[in-house]
Every structure is written in structure tokens, then in C-alpha cells.
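K.L.:
From the two separate chains plus the hints, produce the assembled complex.
Here the protein sequences line up with chains A and B, keeping their order.
Reading the first sequence from the start, the letters are residues 1 to 279 in my numbering.
Reading the second sequence from the start, the letters are residues 1 to 274 in my numbering.
These are computed hints drawn from the structure, not numbers from a lab.
Please note that a few of the clues may not be correct.
DMTMM-like cross-link-like pairs, simulated, lysine to aspartate or glutamate; straight-line CA separation at most 25 angstroms [to be verified]:
1) A:Lys108 with B:Asp172
2) A:Lys258 with A:Asp211
3) A:Lys108 with B:Glu268
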Amino acid sequence: MKLALASSSASVESARKQPAIQVSNLSIVFDTNRGQTIAVDRVSFDVAPGEFVCIVGPSGCGKSTVLNTIAGLEVPFEGDILVEGSRVYSPRPDVGMVFQQPHLFPWKSVRRNIAHGPRMLGKSRTEANAIADDLIAMVGLKRFADAYPNTLSGGMQQRVAIARALANQPRVLLMDEPFGALDAQTRAVMQDNLLELRDRIKATIVFVTHDIDEAIVLADRVLIMSAGPGRILREVAVKLPRPRSSSIMVEPIYLSLKKDCLDVIRAEGLRAFNQSDAS
Amino acid sequence: MQDGTSARLEIALRTDGRGRRPDSARLRRLNILVGALSLPLFIGLWELVSRSGTVNMVLFPPPTVVAAAVLEWIRSGQFLGDLLASLFRVTTGFIVGGALGILLGILTGQFPIISSLLSPLFHILRPIPPIAFVPIVILWFGLSETGKLFLVVWGVFFTVWLSTHIGVQKVDRGLIRAALMLGTPRRQMLQEIVLLGALPYIVVGLRTAVSISFYTLVAAELAGAFAGIVYRIEIAQQNLQTGQVMGGLATLGLISFIADRLFAALAERTVWWR
Ligand SMILES: Nc1ncnc2c1ncn2[C@@H]1O[C@H](COP(=O)(O)OP(=O)(O)OP(=O)(O)O)[C@@H](O)[C@H]1O
Ligand SMILES: [Mg+2]
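For reference, chain B alone in the conformation it holds in the complex (with noise of 0.2 angstroms):
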């Protein structure tokens, strides 16, 4: 005790009273200070760039009638179906295509066969970019659902295939020793350490698979649907309201943006060790 307290009295008289901790707190409260007032920073200086003139205001509408447009889509009664067919198609088509890739790494991951079968084509057809596939997906399954969601589900699946067989493949041998000098059973290994050793590797796909589930929504919209946030802005588009186009934008950007939160807090709990 006696010890630690003229150590601390010592650090105190070296930096002249000032410790470490009340300099960073201050540095902290700063820092969130200036976050705080960086969005309505950037609103406001918009708002000033689009009224002063030298910018055609048609094109460039302020956000005072962006906020006008967005407010005018919800009265409507569009923004709600828009945002369901939307997060209907990102959900589902994440889902499934999860679900897909996580089953097929472990396959390929845990059994070299399957992995000399698919592999190599799953190598091949990974890099095509999902957009590429929208004129013969059209011709496939026509403006449907289906060919939606085929889209969403093929950039989710190759993402979190990769991601998946990675993780399998780098599970500690050591560890899988150390299992079976403890009596694990082969056949337990999976689910006793495969899949653990493989999780953290499966949630960063996933959350990869995120961002990239609503890259593909853009896609399977823009090629042709009935309702969705990016068809509503497409057709804005069409009638030159550049308003609704631009709040459509900032709704993508939002439900991305809280989509990716959410599965950044799920992922923490989900490895729970770290």
C-alpha cells in the first residue's frame, strides 16, 4: 500500500500535478464533442451551398426540401411498402444465402472431396460481380421476387462460403488433438471444435455479407420492381425530384448503416470469449 502511494505521489510530482487520466479525459470529451456536431455541421453548410446561387437548385435541392420530399413519401403511404419490400428482399435473401454459404464452408472446409468438387468452381464463379448477373437473371425468372432475391442470395452466399471454408480450414490443429486426447469423438469434433474455432471467422463474413447484401438489393431493384427504396428513387429520378432521389439515398444509407450496427453488436455476443 505504503509503496504504491509514493509511486503515485512521484508520477504526480514529475508531471507537475497533471497525471494521465485527466489530459485524456479531456482529450475524449473533445473528440465527442466534434462528432456531435459534425452532421449538423455538413447539413448546414448544404443548406447554405444550395440556396446562395451559385449552385442550380433543382439539381442540388437543400436539405430542408430533401427533409420536405421524405416527409411527403411517408404521408403517402409508399415510404412504408418501399421500406418492407427493401428489407423483405435484403433479410430473406441474407438469410438464405447465409445459411447456404455457412453449410457449404463447412462441407468444403471439413471435407477435402467436397472441396476438390467445389471449390474450383466456386473460385471461378466468386469474383463474377453479382450486378453482371441481372440481364440473365432477367431473362430467368423475368421483374419477379425470385430473380431478386437470386441476386441478393448469390452475392450473400459466395461471401460467407469463402469466409466459412477459411475458418474451418484454420481451426488449431492443437486444439483437435488436445480434443481427442480428451476422449472426444471424431465424429463430435464438428460441433465440439470445428464450428467454435471457425465462428469468428463466419461472423466477419457475415458482416461482410451485410454491406454487400445491399449493394445486390440496388441491382435487383434498379433491373426492374414494383416498390422498394431504390425503385422509388429511380422513378423520382425519372420525374427530375431530385428531393425524394436524394432522401432516398439517406434512407439507404440509414438502414445499412443500422443494419450494420446490429449485427456488429450480435457478432460481439455471438463470440462471446473475446
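The following block holds chain A by itself, in its conformation from the complex (with noise of 0.2 angstroms):
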């Protein structure tokens, strides 16, 4: 199958020891009616080939602005972003994204919309759609090849969106809280199918939440953010083994790394709160 081709390509990649993604000093400033707005405050992180990093923080902390930023989506910033190891400057189709909301083209069938990222890459219809049914089958959609996505229930829409973005075989995979509007079955069901699928095709990806749980079943790293300004407060290693699937909330070793977690969070909530009182 072509999706082994990414994961022969990320060993070399490691060979050569080149982070995929090198973010240094990143910090982005919005001008707003109300002055500017510092959203993300100097952070700076690596993610390894082949690596599952996870970013959580509260809402408004500037993860999608960072996710933004690496995926060349148009964001003023300042600091540096190497991809691969080049510079952004736009989108790229060995980087993929998954966003919140599926944002799958109405027209287009779900095999349609697997297969336009090909497509646009140059490929014919036929192998584009050779590509589009192979990981329909991986997010076991077969049944659905011919619908369209008003057709489908949330959780399927964003499996389709996951395809989607896979289509290209990207080197780095964006996902940006894709799991967010889902319910908490048909969430630990997704969470389940992507570990899955990762194990497959062995992209470098980067995973946005604000469900802790979430973060520590996916990741091999988990980076905590705090918000105004968006700066990384503390990187706790996952070293639970994998495969892996949900079921793993239950044993000890993750419920000390959650704790660990939790202290951060509720620290820094503390002294927001403080601040915020004091002022």
C-alpha cells in the first residue's frame, strides 16, 4: 500500500536526528479594535519524527493560533517554524490539517472529498480514488463511499475529515481539537481508531485539546499551556506503552501522570485567579 511509504521515509528522517517540527520564540500579537493582544508569548518546542505531541490548555490559550501558525495559515508571527526543516511560508501538502468542525465540501461524496487532496496534487481520478477508497476502508466508512457529508452523523464526518487529510500522505498531521464536538462514546471510539491508524502510517502529529484524558491516551508528550499570554508551562513525557487504547485510564501509572498534570493546571489556574482578583 502507498501509506508505507511515509513511514520508511520517517525512520530516515530520524536517522538523520531532525526534529519535524522546530518552533523557536514563536510569539504572535493580534491588532484588535481595543489595542493589541498578545496571544502566544515565546514558546518554543520540537516535535521527533514519528512523534505524538499533544498540546492542552483553557480556551483562548492560543493553541489554534499556534497549530495555525506551523500549518503556514496565514498568522503574523515572529520567532521561527521549520517544517521538515524549512521554513513556513503556506500551506503544504506534506503538512495536514484536521479542524474543529469537519469542514468537508458539501458537494463532494465522501470519496469525492478523500480524493481531492490527489487530485489537486496532480493525480489521475482513478488513482485518487484508489487512494480515497483505501482509507475509507481504514476509517471503516466502506458503506458511505457514495454519501455525502450532510448524510453522515458527526463522528463520521470528522473520520472523513481525518482521510481527508491523510490522502496526501503528509509528513506532519495537525489536528485541531477534532474530537471536540463529539459525545463522550463516540469520542473514546475515535481515540481508539486513531491510535489505530497511527500505528499505520507513522506521521509526526501534533494533537490540540483541552481534555486532559484525551491528551495523555494519544500522546508520547504532552505540553501544557497557559493562557494570557499562550505560553508552555511544563512538558510531561507519556511513557505508557503502546498499543494503547482508552482502556488505559484506569491503571495506576496514568493516574499519577494525570495527577501530575492536574497540579500544573490547578496551579496556574490559582494564580490567574489571584492575579485576576488582585487587579
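P.N.:
Here you go:
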């Protein structure tokens, strides 16, 4: 299968020991009608090839903004961002993105939605459809290949969005709260799905969420951010065995990891609360 | 399976053996029946009132007289000419006005600089009823066909322009960002995303423009013509042939109704993913 290619090149990459993503001193300032807002303040982190990093943090701390910047979606920023060793100026096909909303093209069937990327990169319709059909099988939507997005449930739509992002075989996959709008059960299923997929595609993944459980279940490393302005408070390495599934959430090591994270978050919450009280 | 049957049984028991389905089916049949009776009932009543002697039959002729007038109109050979003349004006005006509206709507919706240039002008011209342009159109074009087309094009254009403009502006930014992430070149964004995203709005604009093209047709033909359905209505009025006046009105109603229905069917197919 074509998707196996990504894994072999990822291992070549790791042999060179070059990070897949390097963010250094990233600051993002927005001009608003109430003056300037510092959305992100000197954030630095690296992501190794094939690594799965989760970013957690309260609403408005700049998680989406950071992700959009890495994606090359017009965000004014200072600092340096290198993806696969080169600077990012605009969206590039080796960086895929899954948004909080599926943003599927309503006028295209599931198959055509997924085939869109390969088509845009110059693949023939037959080739693109073959890629799409592989991915449709992978996300378990064979019965819905010819359905239109408005006939699918939220979870199914998000699966299509993930498949669509994978169709260009991205080396880096950015995911912005992709399961944020789903109910708890669907969410757990989707997390297990993603873990399974991830073992097959071996892409580098940066996953944003504000659910600490989701972050620990999925990630190799969790970056905890604080709000106003967005900074990285702490990095927590998640040394849980793989393959994993969401059932890991009852294990003692899992719970102690979660406690570590919650302590950081609680301390920061208190600090922010006292600060707002004082001013 | 077992569960499904027992649940259905339970519902059947609770509703006294009458599920919701049979009831709503009966209601629907009744509605269809009443709908089928609507026109005959109205025409019959009209016939009765006209012949009852309470109204002046010359001014308010019964449907039978109207039908006779229409038949006579058809037999004289004028009907076909009138129909074709009116249809030609409406369709040509609609197509030209619609095409211009879509084109300029895309331009102003997509390019802020073009919008800054044209939108203020269009917003000032748009609210003026096309009928108000009849005098100047006569000055400019006389009684020529160009003047009539101008009026229809004018009426259609602004409606289609505005809905296209809004449709293009309302295209989901998320779809554009998703398309960018998938490697869609910016110069292909128009055909891949923007046009399709705006399509539902464009179709609504065009459908509104169908009835507008008939309004403006009336103005255009009243301004002076040599053939056409509204022209014939005016001539009949001058000769006090009230039957033919009413026949003309009914014809106009019928063709604009058919046009609207045809367009609705077409629209459903155009926005195929709904
Ligand atoms: N285009 C913009 N113009 C002005 N301010 C912006 C813009 N985009 C984001 N911001 C500001 O930047 C900050 C971070 O926003 P961002 O959307 O990245 O937060 P987030 O962490 O993703 O939040 P959430 O969890 O709610 O999605 C917010 O204060 C927001 O108001
Ligand atoms: Mg966000």
C-alpha cells in the first residue's frame, strides 16, 4: 500500500535526528480594536519525527493559533518555525490539518472529498479514487463512500476529515480539537481509531485538545499551556506502553501522570485567579 | 428483531390499534382532494356571480366568455405571435441579466477593490423600481426591442448580482482553509470552492429574478409594443373586450407559474448535494 512510504521516510528522517517540527521563540500579536493582544508569548518546542505530541490548555490560550501558524495559514508571527527542516510560508501538502469542525466540501461525496487532495497534487481521477478507497476502508466507512457529508453523523464526518487529511500522505498531521464536538462514547471510539491509524501511518502528529485524559491516552508527550498570554508551562512525557487504547485510563501509572498534569493546571489556575482578583 | 416487534406492538396497543401512519395518510388524501377542487370551485363561483345579474357582465364576464375570447385569440393566429414575443423578451432578458449578475457578483464578491468601485453605485441603482425607467428607456430606445430587453435585463441583473455577491462573501472560510491545506492552488479556489459554495445563493437569486423578469415585461410592453401578451391585454382594454383582458391575465399567470416550476425543478438539480 502507498501509505507505507511515509513510515520508511520517517525512519530515515529520525536517523538524521532532525526534528520534524521546530518552533523557536514563537510570538503572535494580534491587532484588535482594543489595541494589541499578545496571543502567544515566546513559545518554543520541538517535535521528533513520528512523535505524537498533545497540546492542552484553557480556551483562548492560543492553541489553534500555534497550530495554524505551523500549518502556514496566514498568521502574523515572530520567531522561527521549521517543518521538516524548512521554513513555513504557506500551506504545504506534506502538512495535513484536521480542524475542530470537519469542513467537508458539502458538494462532494465522501470519496470525492478524500480524493480532492491527490487530485490537486496532479493525480489522475482513478489514482485519487484508489487512494480514497483505501482510506475509506481504513476509517471504516465503506458503506458511505458515495454519501454526501450532510447525511453523515458528526463522528463519521470527522473520520472523513481525518481520511481526507491523510490522503496526501502528510509527514506532519496537525489536529485542532478534532473530537471536541463529539459525545463521550463517540470520542472514545475515535481515540482508539486514531491510535490504530497512527500505528499504520507513522506521521508526526500534533494534537490540540483541552481534555487532559484525551491528551494522555494519545500522546508521547503533553505540552501544557497557560492562558493570557499563551506560554508553555510544562512538558510531561507519557511513557505508557503502545499499542494503547482508551482502556488504559484506569491503570495506576496513568492516574499518577494525570495527577502530575492536574497539579500543574490547578497551580496555574489559582495563579491566574489571584492575579485577576488583584487587578 | 424481537425488541423491534414488541415495541411496535406496544405502540399499537397504546394508540388503540391506530398507529400514526394511517391517520396522516388519510389527512394527506383529504388535502389532495381539497386541492383538486380548489380551481373548479373558484371558477364555478365566478360563473355564478357573473351570471347572477348583480354585476355588470361586460366588466366582469364569466369564465365561459373568457374561454371563448381566448379560443378566438388563438384561432386568429395572434396568440402564437404574442406568446413568442413575450417569451423571447423574458428569456433573453433573463439570460443576459442573469449572466451579467453572476459575473459581476463573483467579481465584487471576490475582489474587494472591484467591490469598492462598483457596490456603492449598484446599491444606489438597485432600489429604483425598473418601471421608473420606462420614460427614459423610451427616450433612449424608442419603441424598439432593445429598450424592452434593457428593462428586463435591468430588473434581473440587480437581484442576481446581489445574491451572487452575498453568496461569494458567505463562502465558509473553513472550507477555503481546508482546501488550502489539501494543496488547492489559490487561483483554482474560485472554481473548486467559491463557485460551488455560492451556488445555493445564486440559484435563489435567479429564482427570484424569474418573477421579476415578468414584472418588468409588463412595464416594457405597456410602454409600447407591436406584439406580446401584455400588449394584447392593453389593446383589448381599449376595445372594452374584458373577456380577452382576463384571458390575457390568465395566460400571463399560467406562463409565469410554469416558468417558476420549471426553474424550481432545475434548481433542485443544480444544488445536487442538498
Ligand atoms: N484573527 C484574530 N484576530 C485577533 N485576535 C485573535 C485572532 N485569532 C485569535 N485571536 C486571539 O488569540 C487568542 C488565542 O486564540 P486561539 O483561537 O488560538 O485559542 P485556543 O487556545 O485555540 O482556544 P479554544 O480552546 O477556545 O479553541 C485569543 O485571545 C483570541 O481572541
Ligand atoms: Mg482553538
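K.L.:
For the pair supplied as a hint, Lys108 (chain A) and Glu268 (chain B), is the alpha-carbon distance within the 25 angstroms limit?
P.N.:
16 angstroms, holds
K.L.:
Straight-line Cα separation of Lys258 (chain A) and Asp211 (chain A) no greater than 25 angstroms?
P.N.:
Answer holds: Lys258 (chain A) to Asp211 (chain A) is near 11 angstroms, not above 25 angstroms.
K.L.:
Is Lys108 (chain A) within 25 angstroms of Asp172 (chain B), Cα to Cα?
P.N.:
Between Lys108 (chain A) and Asp172 (chain B) the Cα gap is close to 15 angstroms, so the pair holds against 25 angstroms.
No hint from the list above goes unmet by this structure.
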